[in-house]
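A.B. asks: If you read the sequences in order, they're chains A, B, C and D.
Sequential numbering of the first sequence, starting at 2, is according to our numbering.
Sequential numbering of the second sequence, starting at 2, is according to our numbering.
Sequential numbering of the third sequence, starting at 3, is according to our numbering.
Sequential numbering of the fourth sequence, starting at 3, is according to our numbering.
Note that these hints are calculated values from the structure, not bench results.
Any given hint could turn out to be false.
Claimed, not checked - With a straight-line cut-off of 16 Å between C-alpha atoms, the simulated EDC-like cross-links for lysine to aspartate or glutamate are:
1. K112(D) - E163(D)
2. K113(D) - E17(B)
3. K112(C) - E49(A)
4. K124(C) - E49(A)
5. K124(D) - E50(B)
Said to hold, decoys possible - Heads up, incomplete: computed chain D residues facing chain B, CB under 10 Å, no partners named:
6. K114
7. R121
8. I127
In this text, a Cβ means the ideal position worked out from N, Cα and C, and glycines have one as well.
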Amino acid sequence: MAQLKCPICGGQVSVEDDALPGELVEHECGAQLEVFKKNETLSLRLAEEVGEDWGE
Amino acid sequence: MAQLKCPICGGQVSVEDDALPGELVEHECGAQLEVFKKNETLSLRLAEEVGEDWGE
Amino acid sequence: MIVVKAGGRVIKQARDKVLESIGRLGEKVILVHGGGDQVTEVSKRMGVEPTFVTSPNGIRSRYTSMEELEVYVMVMGMLNKFMTAYLIKAGKRAFGMTGVDGPTLLAERKKKIVIIDERGKKRIIDGGYTGKVVQVRTESITSILEGVDVVVMSPIAVDKEEGLPLNVDGDQAAFSIASALKAESLVLLTDVEGVLMEGKVVSHLDVSQASELSSKIGPGMNRKLMMAAESVKAGVKRVTISSGLVNDPVAEAINGRGTVIE
Amino acid sequence: MIVVKAGGRVIKQARDKVLESIGRLGEKVILVHGGGDQVTEVSKRMGVEPTFVTSPNGIRSRYTSMEELEVYVMVMGMLNKFMTAYLIKAGKRAFGMTGVDGPTLLAERKKKIVIIDERGKKRIIDGGYTGKVVQVRTESITSILEGVDVVVMSPIAVDKEEGLPLNVDGDQAAFSIASALKAESLVLLTDVEGVLMEGKVVSHLDVSQASELSSKIGPGMNRKLMMAAESVKAGVKRVTISSGLVNDPVAEAINGRGTVIE
Ligand SMILES: [Zn+2]
Ligand SMILES: [Zn+2]
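Next up, chain A with everything else stripped away, as it sits in the complex (with noise of 0.2 Å):
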């Protein structure tokens, strides 16, 4: 597991060392969080808003 920091409130978040970019975290603090990486290294940021309807 890799510790990051919530790019929100500033807290730890757990994330699993195999997470792939655009994973969705929901932190404790309520911020929707989407894993990318940094020079190689896994980082979170603000996930964008995504729609989800299916319609079609």
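Following the hints, complete the assembly by docking chains B, C and D with the ligands onto the known chain A.
C.D. replies: What follows is chains B, C and D with the ligands alone, placed relative to chain A:
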């Protein structure tokens, strides 16, 4: 060898049994003949004039 | 002016019949064609595997990767040019195009979607290259139709922001073009005889009957009915859903075969 | 109005540069594109083997089977739509088409050819699906260009009698379109700097010099020179053969880079 009839002079033309449709045979009468298949049997007809320019 | 939509299965089983039927018409025609099965065949031959994704609430659906988009554009273009050439042989002035050209069909795609991946994790991925038509610009079609008899249209739209072609649903393309042009008639040629209720073809529906019925029947046909109702509201005089596998299918449809929504 | 021809190798190595260069022009442009290498790649992936035939006097040449024609039309259409979409993103009103559409490029193919087959026998076979442009009908291009900035043209013509698309040489398509429209300028973007003599680019040739030189230089370039001379005689003001791999290649060509025939 199949013995076929020249459609021009009526003379005999020898054609190999495994001749393919489109194969060209020049008969001694001067006719340029083309092998074709009619009801699964080989036949001969006068070959169409086909240009041989390979331009381009 | 008539808009005819011929689905991929109709094109596969009865292409020449449809084209000859169009060749006999005196009016100007826009023929929107499908070709999904043909796209799948070529994808297989090229070793492009179909991709499926699962939404957070468990809905599994087809995903159009960039590679599949390329195959889609290739196959649609091929079907288009062979049909256009066939119509030209039949004596028609025919012109093949797509919604990219002009541009004519502007579409948007979902840039990002949330899926549940193979490991059960929620993940944001690229949204695939399927688009929804958001605008029809009729200038190019209109000016081309002044000089030709038939426009053959492939269901490909353009994403203006990204500068990419997008795969759009053939029915949606046909309905939006017919609506934008307020066509007299939109004929949908399918591999069934029309809208079926208790095994019989419903011969006539008004707009509200079509909307109502759309919630009660199977997928595929329900969307056609919904879009048919909307197009009639948007100014299309008459929508006919009819078989593309019979002789002279367009004339049959115009003469009332199948289901008429008006 | 400028006709630009960009060969397949230029499209492959520097597509975006060429498109951005066209995007910067104020004039109307007809862009004729190649794509031979891309056709070969897709053929390989689909398991379509290239066919070669030998003429009675021993000349071996490439043969376009129906299967290869289909791949050719598919790949050209794909390149066309992606380029058209890219130009639209760049703010141009762009329209992609082929010579089938309208119809615009009428071609003839050799219906039958005589070959020496594997068994050494002279045989008549179907002539393959490569065509020679015999007529250009400019109406469609002209009317489309009234409403758009760029027409992207794939080198596909139609055989009216047979109702089939045909593979035509991109250079020939560009030269015949430029001649029919009496274009001010025809720019041929290739992967070399121009016509080379003793390792140096020849900067200027008149019509008779171009014809003369065409018999003295390598294949590919000799045909370009011959056609260039003919187009200038037919009313094209200036033909430029220049590199498509540099920055802003169309502006460079217009400003005199490469070889100018006029
Ligand atoms: Zn937090
Ligand atoms: Zn004889």
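A.B. asks: Does each hint hold? Answer for all of them.
C.D. replies: Structure-based check of each hint:
{"no.": "1", "hint": "K112(D) - E163(D)", "verdict": "holds (12 Å)"}
{"no.": "2", "hint": "K113(D) - E17(B)", "verdict": "violated (26 Å)"}
{"no.": "3", "hint": "K112(C) - E49(A)", "verdict": "holds (13 Å)"}
{"no.": "4", "hint": "K124(C) - E49(A)", "verdict": "holds (13 Å)"}
{"no.": "5", "hint": "K124(D) - E50(B)", "verdict": "holds (14 Å)"}
{"no.": "6", "hint": "K114", "verdict": "holds (5 Å)"}
{"no.": "7", "hint": "R121", "verdict": "holds (8 Å)"}
{"no.": "8", "hint": "I127", "verdict": "holds (6 Å)"}
Taken one by one, the earlier hints fail for this structure only at number 2.
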